[in-house]
Structures are given as C-alpha cells and as structure tokens.
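J.: Top to bottom, those sequences are chains C and F.
With my numbering applied, the first sequence corresponds to residues 1 to 174, in that order.
With my numbering applied, the second sequence corresponds to residues 1 to 293, in that order.
Treat the hints loosely; a few may be bogus.
[Said to hold, decoys possible] Mimicking DSSO-like on lysine-lysine, the simulated pairs with C-alpha atoms at most 27 Å apart in a straight line are:
{"no.": "1", "chain 1": "F", "residue 1": "12", "chain 2": "C", "residue 2": "48"}
{"no.": "2", "chain 1": "F", "residue 1": "217", "chain 2": "C", "residue 2": "103"}
{"no.": "3", "chain 1": "F", "residue 1": "134", "chain 2": "F", "residue 2": "217"}
{"no.": "4", "chain 1": "C", "residue 1": "114", "chain 2": "F", "residue 2": "220"}
{"no.": "5", "chain 1": "C", "residue 1": "103", "chain 2": "F", "residue 2": "19"}
{"no.": "6", "chain 1": "C", "residue 1": "114", "chain 2": "F", "residue 2": "15"}
{"no.": "7", "chain 1": "C", "residue 1": "48", "chain 2": "F", "residue 2": "15"}
{"no.": "8", "chain 1": "C", "residue 1": "114", "chain 2": "F", "residue 2": "217"}
{"no.": "9", "chain 1": "F", "residue 1": "278", "chain 2": "C", "residue 2": "103"}
{"no.": "10", "chain 1": "C", "residue 1": "114", "chain 2": "F", "residue 2": "293"}
{"no.": "11", "chain 1": "C", "residue 1": "103", "chain 2": "F", "residue 2": "220"}
{"no.": "12", "chain 1": "F", "residue 1": "12", "chain 2": "C", "residue 2": "59"}
{"no.": "13", "chain 1": "C", "residue 1": "48", "chain 2": "F", "residue 2": "19"}
{"no.": "14", "chain 1": "F", "residue 1": "19", "chain 2": "C", "residue 2": "59"}
{"no.": "15", "chain 1": "C", "residue 1": "59", "chain 2": "F", "residue 2": "15"}
{"no.": "16", "chain 1": "F", "residue 1": "278", "chain 2": "F", "residue 2": "293"}
{"no.": "17", "chain 1": "C", "residue 1": "48", "chain 2": "C", "residue 2": "114"}
{"no.": "18", "chain 1": "C", "residue 1": "103", "chain 2": "C", "residue 2": "48"}
Derived by calculation from the structure, the hints in this document are not laboratory data.
Note that this is a predicted model, so its numbers are computed, not measured.
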Amino acid sequence: MAVQGIDFANLSLMDALDLAILIEDEAQERYEDFAAQMEQHRTPEAAKFFRYMVENEAKHARELTARRIHRFGDAPRTVTRAMIFDVEAPDYDAARAFMSPRKAMEAALAAELKAHAFFVSSLPTLKDPEVRALFEDLRDEELEHQQLVQAELYKLRPETGLSDDDFVDEPTAQ
Amino acid sequence: MSATGTCEYQAKDYKSDLKPIWCPGCGDFSVVQGIYRALAAVGRPPHEIAFVSGIGCSSRIPGYTTAYGFNSVHGRALPIAQGIKLANPDLLVLAAGGDGDGFSIGGGHIAHLIRRNMDITYIVMDNQIYGLTKGQLSPTSQKGRITCTSRYGSLEEPVNPLLYVLAYGAGFVAQASPTDLAGMASTIEAAIRYPGFAFVNIQSPCVTYGEEAQQIKGLKAISETLDSLGHNPADRLAAMDLAQQYGEKLHLGVFYRNPEPPPTYGDLVKERQAALSKDALPKERILDLFIKK
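Produce the complete structure using the sequences and hints provided.
T.: So, in structure tokens, the structure goes:
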C-alpha cells in the first residue's frame, strides 16, 4: 500500500502538492539513510550515488514547495507523512553491503519506476482537472528521473561478469 | 480529502540521531520505521516511553529511538521491562529482541509475563538465525536448515512463537513483516493500545545469513492478511489453527485479541495496595516502630 487515508476523487490541489512534497521528502530521507549505510560499510561509490539522489529529491521537493507557497501560502497541511509508505523511496531491502554503483543505480531506477506506476495508477481516480494536470506533470517528471538514472548507468564501465555473491565468505563459526 | 487525523507527534520525533549499524537490506530497518509510525499514532511523548531489549542485532533497536532505552542482558528484556513497569506504571513499556533472545535463553520469561498480564508490548524480530554471532541455528530455524552449527542440517523442530504465546494465554497475538510496512505499523499500534501483554512476531529477514525463501521476495510469496481470510481475532481456537501454519504461510495481522481483557498485574497491585492501605499504619509510625526494635 503506497498511501493510506487519501481520497483521490476529492483530492484538492493544495493536498496534492503537499502529497507530492512529502513523497519527495520520504525518498530524500531514504537515500540519506542508504548513503549513511554505505559510508558505514565502506562503500563510498554507492554512497556517492545515493548522495546525488538526495540532492535530486531535495531539488524536486524545493520546486514543489515553491509552487505550493505561490498558490496557497502557508495554509495548514492536512496530508501527513503517516499517510505515505515508500511511494518513491527505494525499499529498505534494496540496499546491500558492498553494493556496486550499478546495483545502487538499479535500486534507484526501480524506485523511480515504482513512483511512475503510482502516479499512473492514481490518474483515473482523480476528478479535479488541476490535480489531474499536476499528477500528469509528476508522472512525466518520474520518467525524466528514470532517464537521469539511466544516464548515470550508461557512464559505468561494462559489467565484469562477477556478481556480489562472488565476494561473500561462507558463514563460519566463531 | 479525508485525513486519518492529525497527530501531535510525527514518526521523526521518535528517531534518534544514532545511525543503525545493521547490514544494509536488513528487515529491522523497516521494523524500526514501523515502530516510529506506531508510536506517533499512539501519541505518547518519547519521555513517557521505556524500550528494553536483550542482546542481538535487533536488540539494538532502543538506541535508534528517542525513548528511554536499555539494551540489556541476553534473554532478560522481559524481566527488566516488567521491573520498569512495576516501578513506574505510567510509562509505556516496550520490549524487543530476536527469536533467539526471546525463545531460547529468554523463553522461560514469556509465560510469566503472560500469566500476570503485564501491560507490556513485546516485539520479536524473528529471522530464524543468530545473525549477530554469524549464523548459528536459532530456536525458530527450520528443521533441516544448514548453518555453521548444523553442517548436515538441523535435527530439531522449530519453536512456533505464535502457538507458544497463544498456548500460555496471551491476550494479544499478532504477526507482521517488512513486506507490508503500513500493516506492520498498524499492528504494532494495536499491540501498544491493548491493555495487557501484547506479542507481535515480525518476520524480519536476515540478508546476510538468511535463506533465499526468507527474504522479502520469498516472504511476499507466502504472505496473506488475516483480514483477507475473514479471520475473527476474538476466536482463540481459530487463531491457534492458523498459527499452526507458521513456517509455511505468512499470516499478517491480529491472530487473537481478547475481547474482554482481564485486569493487568499493575491494576491488581494498585487494588491490593488500596485495600491494605486502609488499615496500614502511617509511614512515620512504621519508622518509629522499626527504630525502637
């Protein structure tokens, strides 16, 4: 379940903008967590990529916040973080110790695909034309984010044919 | 737009500055998120919460919250939590640990908290392995499981945590998993709100020593919500029937909630104190008698 307690049919533009901002916030926080995990596990390249994603998500959140303030000022928010569950944030189990930059990028790409699917599946339930237009923008932005990650993937050297499992020691008794 | 209601506290208010050192991908990352969300929904301030754990990967969890925490002794989270609750009944007391901590070395304590109906929520992160000590058999490891301490496969039947607590008469028994964060948060919230001993078994995968079938993908393949089965959580015998499928099916939600919860041990202690204090000597008089002796 990606969201809980949100009536999409009656979603107002202000609530839709707040929802979009919180989705970006959640993703930013998750990438921060992932970057910290990678730094703790001496995986600097993956950490660097996750930090890059933190900046991207923060940038999108700032843009949406500017739109929200422009239209609705500081009107109280009714949508809360308690209502959203991993919409654009990569799943916790997507991270792995010593993950390669490629694996990190693939995790981010999967998260962008998930977010795109969320906006696509929400569109038919929306009634307000302005909210529909916003969701269409957000859907298209998710496609742009996917292209952004894919561009990073193309910059990588070709795969060596080795998998992460090749570097894992068998469990041993202490 | 319908909101579920505004909370005074948000999940982030329960998140400490300490960064978890679990293996990336560990199921416990989702569990701690579920706990933050449940605590925010319950709305008790962090300084009114005590969180006690034993020893193990999952037992690090109190440190990742802003509640008072005690990462205590192996298998002894429950007696310590009980002591805290009796000393300060106003605290919301949570206990947590792994399946080894809870059902091996600490297994004997569970029955006594259940029979006393201590108002404590006990969260077990069940990964069917001793992860912190590098992958030995744990009490919930499946028969035939190959580990570094069972090279030719385990000869032992696993403990069934759900049946274990149901058989002792626990008033609230539930199961959750990181495969469903929303469900996990609401299950933990329901456990905290239950007036008495509440047990939540969370199938939390170990990414380093866990088997493929126990990872998120494998768990998703065998999971179904108890709601979708039309299970009535007031029916204890039906709960026991479903609990027997532990290890084969991953049933998510509340197995059993006693519709008429008995008084908690804390309530009974208060009653006893009130009854005895009618004829009790004033404190000063007791001291005088003691000094004279």
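J.: Hint by hint, where does the structure go against what was stated? Just the numbers, ascending.
T.: 9, 10
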